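Take the sequences, apply the hints, and build the full model.
From first to last, the protein sequence lines stand for chains A and B. All the letters of the first sequence, read from the start, carry residue numbers 1 to 513 under the numbering used here. All the letters of the second sequence, read from the start, carry residue numbers 1 to 152 under the numbering used here.
It is possible that some hints are incorrect.
Said to hold, decoys possible - Between beta-carbon pairs, the in silico distance windows are:
1) B:Leu-15 to A:Gly-292: 53 to 63 Å
2) B:Trp-146 to A:Leu-194: 47 to 57 Å
3) A:Met-220 to B:Leu-15: 43 to 53 Å
4) B:Leu-76 to A:Thr-14: 49 to 59 Å
5) B:Leu-76 to A:Ile-5: 55 to 65 Å
Claimed, not checked - Taking lysine-lysine and the DSSO-like style, the derived pairs with C-alpha atoms no more than 27 Å apart in a straight line are:
6) A:Lys-245 to A:Lys-389
7) A:Lys-100 to A:Lys-389
8) B:Lys-116 to B:Lys-64
9) A:Lys-389 to B:Lys-116
10) A:Lys-245 to A:Lys-295
11) A:Lys-501 to B:Lys-64
Claimed, not checked - Partner residues aside, some chain A positions facing chain B, computed with beta carbon under 8 Å:
12) Met-177
13) Leu-219
14) Gln-421
15) Arg-474
16) Thr-479
I should point out that these hints are in silico values taken from the structure, not numbers from a laboratory. Predicted model, so just to flag it, every value in this text is computed and none were measured. Each residue gets a CB set at the ideal place from its N, CA and C atoms; glycine is no exception.
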Amino acid sequence: MIEGIMIGLGTALTLQNLLFVMMGCLVGTFIGMLPGLGPMSAIALMIPIAASLDPSAGIILMAAVYYGAIFGGSTSSILINAPGVASTVATSFDGYPMAKQGKAGKALAIAAYSSFSGGVIAALFLLVAAPFLASVSLSFQSTDYFALMVLGLVAVSAFAGKGDMIKALLMTVIGLMLSTVGTDQTQGVPRFTLGIIDLIDGISFLLLVMATFALSEALMAILRPKGDADRKKEKEASENLGSMKVSRAEVREMAPVIGRSSVLGFLIGVLPGAGATIASFLAYGTEQRIAGPKKGAEFGKGSIRGLSAPETANNAAATGSFVPLLTLGIPGSGTTAIMLGALIGYGIQPGPRLYVDQPEIFWSVIVSMWIGNIILLVLNLPLIPYIAKVLAIPSRFLLPLILFFSLIGVYFVSFNTFDIQLMVIFAVAAVILRVLDFPMAPMILGFILGGMMEENLRRALLINNGSWSFLWERPLTVTILAIAAACLLLPFLTGWLRRVKDRAYEKTSSSGD
Amino acid sequence: MMLSKDRIGGVLLLLFCLIYAWLSQDIRLLPFQERAAFHARTMPEILSILGIGLALWTIILPGKSERPELGGADWLKAGLFLVLMSAYGFTVRPLGFILSTSLFLMIGYALLGERKVVPLVLASVPLVVAFWVLMTQGLDVFIEPWPGFLRE
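Structure, rendered in structure tokens:
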């Protein structure tokens with residue numbers, strides 16, 4: 001492990017890579033702060049630049065953008081109560097009330113310290129967990145990988161929320177369907193190309209991500225423009241931040257919260273599908289309960305604990321989500337799915353072999369997480385008053401620029417104008433589906449895992465002489481599939497139990513009367 | 001039957017899945033491949049069944065009964081931006097990067113309410129030129145800057 005850390009330090013601490021971490025953190029914060037644009041769009045916008053770099057530098061840049069975007073999202077949550085992404089919604093519960101009390105600077109500092117601590121502690125866990133899991137997963141076969149992919153896809157949908165699971169599953173299947181467009185990998189047969197030569201190589205994942213996230217976000221903002229009151233609020237928030245100092249008593253109050261939320265966030269982040277949003281809400285709820293009635297009552301009114309807990313947990317979960325990506329090659333979230341797509345673009349297959357074959361990439365990603373978090377704290381925090389000015393840029397200038405960067409980002413990779421037209425078509429579909437509240441992240445996950453899933457299923461069937469019995473005969477495969485089934489059934493089971501409980505309560509209360 | 005968001009989305013995706021299922025039967029297989037346990041049609045066929053099943057579920061048992069809010073949205077402006085993006089795709093080559101992108105940005109700013117010529121030009125042309133220099137000089141990504149009639 002020490003050797004690995006040295007390899008990672010050697011790669012991540014080169015002047016070029018340090019510059020990329022700095023640039024990534026700054027650009028990520030900038031993009032993440034724009035309401036509506038989250039880490040997925042931020043990373044997607046960076047891919048064309050990352051593609052021109054060597055793999056280590058490219059991945060380091062994207063990881064830095066990821067952290068920067070999460071931090072930027074927290075900033076807009078605190079300053080204008082407009083979380084760019086779901087994972088920073090819980091941050092706004094106490095961050096925004098603090099900002100309204102004139103303590104925006106302090107709230108930003110608490111968010112930054114908490115994010116930093118959560119990220120650093122979780123990176124330590126990652127250091128231990130990733131090599132261990134990688135060595136275990138070396139014994140996995142294609143049947144197990146197929147089952148793991150099913151689990152990853154199902155888990156993302158299962159955590160989508162009440163009433164949304166079936167929609168998320170449907171979107172996952174749509175993503176899987178889109179991944180089958182193009183020439184079949186093994187038999188060389190064209191599929192769903194409609195006779196269009198430009199579709200022979202399939203749909204580029206960058207194109208799909210840009211169209212369904214960056215383009216559709218900007219189009220949604222054009223569709224429902226902000227009112228004058230919102231614009232005034234953004235301008236005022238970017239101008240008056242107040243002091244950024246945090247007192248010793250406040251640090252003492254934050255410390256145990258950070259410790260607990262880091263562990264919780266990391267563990268949730270490791271689970272495929274759960275991710276930073278669930279981690280932040282769970283940490284918030286847990287801390288509210290631990291705080292007791294007096295301190296707990298302060299939650300939602302500008303509590304330091306209420307701000308620190310979700311901020312720590314979402315960053316720890318972001319780090320945790322790299323565990324399944326680096327060790328199993330299975331992304332645990334939409335963001336890591338985009339990173340997986342970028343890695344595949346480099347010709348790198350994440351998974352247990354990455355740890356053995358390309359240790360410099362594996363370790364430099366882990367080491368760059370520490371460096372990225374340090375840079376976020378020492379560079380971004382002092383710069384926040386200036387970066388926050390981005391909130392004052394009028395949307396009439398910002399939105400066409402976002403559209404331009406999204407279109408040109410894809411065009412600069414393929415130099416094919418057909419891609420721009422295809423992006424427009426996907427953007428239209430994405431806007432319609434967003435208006436109808438259909439989630440996009442499961443579709444991206446399905447799209448990215450689709451090719452690998454098909455390949456592993458094909459191999460599994462070949463190994464088993466064309467028999468599907470591997471689904472119930474190999475213990476590890478069965479276990480993973482059983483967990484996937486449990487994920488699917490859990491929301492229905494909890495709903496049923498709640499109804500039974502409610503009925504029993506109604507009966508006892510009516511008999512009591 | 002109430003037209004909720006889930007039901008409308010379900011119907012649209014059901015149509016997509018049905019077309020996908022229909023097109024999956026057009027995938028050509030060689031005679032020996034048809035008997036194989038796994039061929040180019042296997043995954044699309046599984047996905048078709050899953051997609052149609054889930055879309056029907058969404059239509060029959062929608063999770064939420066919320067109706068779509070179409071009022072208050074500026075559909076015309078969003079539509080104009082779609083046309084603008086598509087036009088950009090058609091013009092970026094013949095007009096060259098600098099002219100087509102500057103026009104794209106200026107029309108975009110104007111569509112969103114900017115009427116003064118100076119900000120329109122200053123927020124587009126210098127930015128486009130700087131971006132072109134960064135891409136060609138900094139990242140070695142060349143893109144033709146000039147319109148076709150100015151090229152040699």
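Each hint, compared with the structure:
{"no.": "1", "hint": "B:Leu-15 to A:Gly-292: 53 to 63 Å", "verdict": "holds, 54 Å"}
{"no.": "2", "hint": "B:Trp-146 to A:Leu-194: 47 to 57 Å", "verdict": "violated, 34 Å"}
{"no.": "3", "hint": "A:Met-220 to B:Leu-15: 43 to 53 Å", "verdict": "violated, 23 Å"}
{"no.": "4", "hint": "B:Leu-76 to A:Thr-14: 49 to 59 Å", "verdict": "holds, 51 Å"}
{"no.": "5", "hint": "B:Leu-76 to A:Ile-5: 55 to 65 Å", "verdict": "holds, 57 Å"}
{"no.": "6", "hint": "A:Lys-245 to A:Lys-389", "verdict": "holds, 20 Å"}
{"no.": "7", "hint": "A:Lys-100 to A:Lys-389", "verdict": "holds, 18 Å"}
{"no.": "8", "hint": "B:Lys-116 to B:Lys-64", "verdict": "violated, 46 Å"}
{"no.": "9", "hint": "A:Lys-389 to B:Lys-116", "verdict": "holds, 22 Å"}
{"no.": "10", "hint": "A:Lys-245 to A:Lys-295", "verdict": "holds, 22 Å"}
{"no.": "11", "hint": "A:Lys-501 to B:Lys-64", "verdict": "holds, 22 Å"}
{"no.": "12", "hint": "Met-177", "verdict": "holds, 5 Å"}
{"no.": "13", "hint": "Leu-219", "verdict": "holds, 5 Å"}
{"no.": "14", "hint": "Gln-421", "verdict": "holds, 5 Å"}
{"no.": "15", "hint": "Arg-474", "verdict": "violated, 17 Å"}
{"no.": "16", "hint": "Thr-479", "verdict": "violated, 22 Å"}
The structure fails hints 2, 3, 8, 15, 16 (numbered hints given earlier, in ascending order).
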